[in-house]
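Keeping their order, the protein sequence lines are chains A and B.
Per the numbering used here, residue 1 is the first one in the first sequence, and the count goes up by one each step.
Per the numbering used here, residue 1 is the first one in the second sequence, and the count goes up by one each step.
Think of the hints as simulated: they come from the structure by calculation, not from any bench.
Be careful, since some hints might not be right.
Said to hold, decoys possible - Below, a list of computed lysine-lysine pairs in the PhoX-like style, where the Cα atoms sit at most 25 Å apart:
hint, chain 1, residue 1, chain 2, residue 2
1, B, LYS82, A, LYS566
2, A, LYS565, B, LYS82
3, A, LYS710, B, LYS298
4, B, LYS306, A, LYS710
None of the values given here were measured: they were computed from a predicted structure.
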Amino acid sequence: MISERIFRLSEKVRNTPAEICLDRARLITKFYSEPSMEPFILRRAKSFQYVLENKKIFIDDDSVLAGHLASRLHAVPIYPEVTAWLYDDLETIDTRSSDHFKFIPGEKDELRTIVEAWKGRTFGDLTGALVDADMNTMINIGIFTKGVSNLSTMNHAPAYYDMVHRGYRYYIDKCKENIAALEDMDIDTMEKQITWQSMIIVMEAIIKFAHRYADLAEKMAGECSDSERKAQLLAMAENCRVVPENPPQNFQQAAQFVWFTHLALMMEVNGGDHCIGRFDQYMYPFYKKDLENGVSEAFIADVIHEFKLKFGELWVLRTNRESQAYPGCPLWIHMMIGGVLPDGKDGCNELTNAILHCMDDLQTKEPCVSFRYHDGVNQDTFRLALAVARKGGSHPAFFNDSTNISHLLTLGHTLKEARDWGICGCIEPSVPGITDFQSNAGYFNPIKVFEITMNNGVDPVTKVQIGPRTGDVTTFTSVKQLMDAYETQQAFFMKKFIVLFNRIISCHAHALPTVTASCFTYGCIEKGRILQRKGAEHRYSAVAISGVANVADSLAAIEECVFDKKYLTMSELVKLLETNFEGKENMRQLLINKAPKYGNNIDSVDEYAHWLADLCNEQVVQYRDGRDGQFTTVIASQSYNVVLGRLIGATPDGRLAFTDLADNASPMIGMDVNGPTAVVNSISALDPLIPQSGVLVNQRFDPAITKGEKGLDILETVVRTFFNQRGQHIQVNIVDDETLRAAQKDPQSHRNILVRVAGYSAYFVDLEKDIQDNIIARTLQQTL
Amino acid sequence: MIFNIQKCSIHDGTGLRTLVFFKGCPLRCLWCSNPESQSYRQEIMESPVRCIGCGECKRVCPEAAILDDYRIDRSRCTNCFKCTDCCYAESKRVVGRDYFVEELYREIEKDRPFYSLYGGGVTFSGGEPLTHAKDLKEIAKKCHDNGINVVVESCGYGQFEEFKEALPYIDAMFMDIKHIDPETHKALTGMSNELILENIRRISEFGTPITIRTPIIPGYTNSQENIKGIAEFVSTIPTVKEYELLQYHNFGEPKYTALGKPYPLKGVIVPEDEEMNDLVKCANQILQKYKKECYWMKNNEREVIK
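Same shape as in the complex, but just chain A (with noise of 0.2 Å):
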């Protein structure tokens, strides 16, 4: 149950229309139209000062906790500085079929004017022209997509363990003290003072900011005759002149210093998948004192929904092309609950369960709520949480605390810091405070190379020779020369990707530093380095690898039809993926039919995925990035798997030209036809080991089997299974009567669907209609 109070706020989030806010480009584009010597970041830092000081600000009638990210509910903010595509994408921002904006009439014109004034000297154009005309092919034949060009860095995860201990004054004094004892300056030490310059400025801004929401707290109290609300008020002007300046001193305190810190990353630049880091731990102190003070449970679970909601509302503008790779604007805000401590005990505590209970009753679009799973983690709490994922929305999501773990360790971290890390980005592993990380340095997509390795090197699509010639395919006489061939034409793009992302990663230390992150990522007070330019001590950042399933389809496919059962020649299989299998429709059916799977538990297949990930690992993790830090590998796609699959032409697999490819680690759409338990088992064969940020999976099942406390033994039967076989994530979906319907309209992608009864088993697309409209008849009985 939620409170009227919680239902209003959550109606009035879904129920805006996203729209474009102008505040901070009419103040960004102001500020930088004043002439300036000083250095780069401490501007940044005063650009940032001078949007907080002047950006409208209100609070929502039900509101408890203050701040939005623009001058109006559910609107997002422009950074004009930053993305040169703006320029392209303008026009269609408020009619793109998804996740469109509405303009304020007349605004369009007005962000028109200032995208203008800011044409050609953008942050992204500084990358832009660092792309070769060569990488430029082969992001716009679909090799791989250019990461954080248009963005600074995108996954903050601040120190709020210790920030909610000491509130911001007691960095702004760290900053002070430093610069104080700075004696003689050489361009090192200029560097230094002008870094903790600009953290106080930014710092002081930020104090500033909630200072403005506690005046107008304050006024509103003065106009507010109900005396309830009038309460809520002055409690909201109060928190907002304690935090952030000074440690929290109650639970809606905490919440409100978390947030304002939150917001101020998403204010100061573009780039929004920040972790809020491990809430259930850090916020447990404040949620123990309060109910020790008599603050009821019920005022907390308020507290937090609130809070959720606030990040429910955040959307932001992304690309054209982003915003169908990502539609619903996912921002991947993490919120970390269970797992264990440093000490290696379990975390999981009151809290924990008072959120899983709060998702129970409202979920949200963000934050991502993710669990930490352990062998030692509390079994009601886990049930919980994994009754809550099966309810819907497929959250919480499940990471392994053992493969995390152990891929930080990996990463040169010690084992207590590794113990307390959190999600940044979609699964990749991190250690809030510390780390500097990039979770989007870019999509590799080893199909198209695939592709392109089959065509001696020439992109089919375009007719472009992109890559080397490594052998006209018809000549070999096993998939072993194939796999060589498609060795070599990896290691060449890859070390394109590589090039270009560096170059990008060197223009963040030189343009676009991130001021309010540095202050709270040990390493740059200490060292009065921005973050960019080598702040943390730790750095590192994935690539991600789209399309794994297709790939090891496409080479058991060969294996089993050309080389080994010879169904049919190389050649014939060419010219099959030349004409798109036109009138052919049979010999697809044979790739599709008579060769292994990815996902069925086939080791023959699901060798493949592995040999295809640690190639791509190995070719990844041989380079350091810009900022001397580590590469790593991530097989996750989102939804670019849709968009690349645009861009590429029939494969051996199967699949026909400019279709989806598979998803994330998953296997191919519908290839899957022996359940979840096969799929798990063919994702641990590709080694959940490897790829040290992540290996995306999400896992459908059927609502006939996670139906009651039974129903709850299997989920937990499948998740435990999946981890102690080194699985490092988990999403739980059931399948819904919308995908049986599907399934109805497009059998094809959905031949795996099983229909269980006791002791019969069949095809959900092989029934009758009839059939079929009662068992979605059921589907929906049963999860009303």
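Got chain A; can you put chain B on it based on the hints?
For chain B alone, kept in the frame of chain A given last:
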């Protein structure tokens, strides 16, 4: 011969289970939901929704048994399987495959990591596993010896002297009694129930825990007399603690079409929850005093009405 291996199942035994379906059954229950399980030989199943209309089957069929819509004229088909060989879309496919015990075991073994929690394991179903006595014994022994929980689902119709060798390796059984009256049983399934009841007694004497099951088929098995009669019988069997009623469903119907057979139960409707509850209550009135329990499963939860 095996006609299907289904992973991640939960309705037939404790925990998460791998279901292995034997092909071949001596009974011919009118409501059989797995008609492909009846014959002891390979058969062709058709799935028109998968057909891509390539016409290959029509070209290769030596008996001209493929009709214009690519369906099989079963009166002409000799099961030569030429059509299934060339049907890459698997619209026509062979159902039934022989496994070596080792090979079958390896397939079951793949799911072993999932068995340890909540008592999972393998369930042999069918068809009638007891009529595959030698194979059943071998695979059950292999599983049992390797610490995998073994459950068998059976209609009870088999030769005790043949299948008794398998009993030491079976941890529990689900055994059906479709009807308590021998004559009616014969009319509904093709065989009388005397051998079945006798086998249940003897398996129980051996010490195997048994759950008795009755499919509730409106108009055929759903009379209170039948359920009471079975419950009376159940009360006399020492190792039976549970009696489960299975709610009829018509999901088997498309399989009859796929095999080119008529569906004998056309028009029979699924029994209401209320009727299931009433029958469970009826059985429990008898079973209670013997500390046995009747239930039916709804949304994976036991519905026990007393």
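A quick look at each hint next to the structure:
With a CA separation close to 18 Å, the supplied pair LYS82(B) and LYS566(A) stays within the 25 Å bound. A C-alpha spacing of about 17 Å is found between LYS565(A) and LYS82(B), which places the hinted pair at or below 25 Å, so the restraint holds. Annotation: proposed proximity of LYS710(A) to LYS298(B) holds, straight-line Cα distance about 11 Å (limit 25 Å). The suggested pairing of LYS306(B) with LYS710(A) holds, with an alpha-carbon distance near 22 Å, which does not exceed 25 Å.
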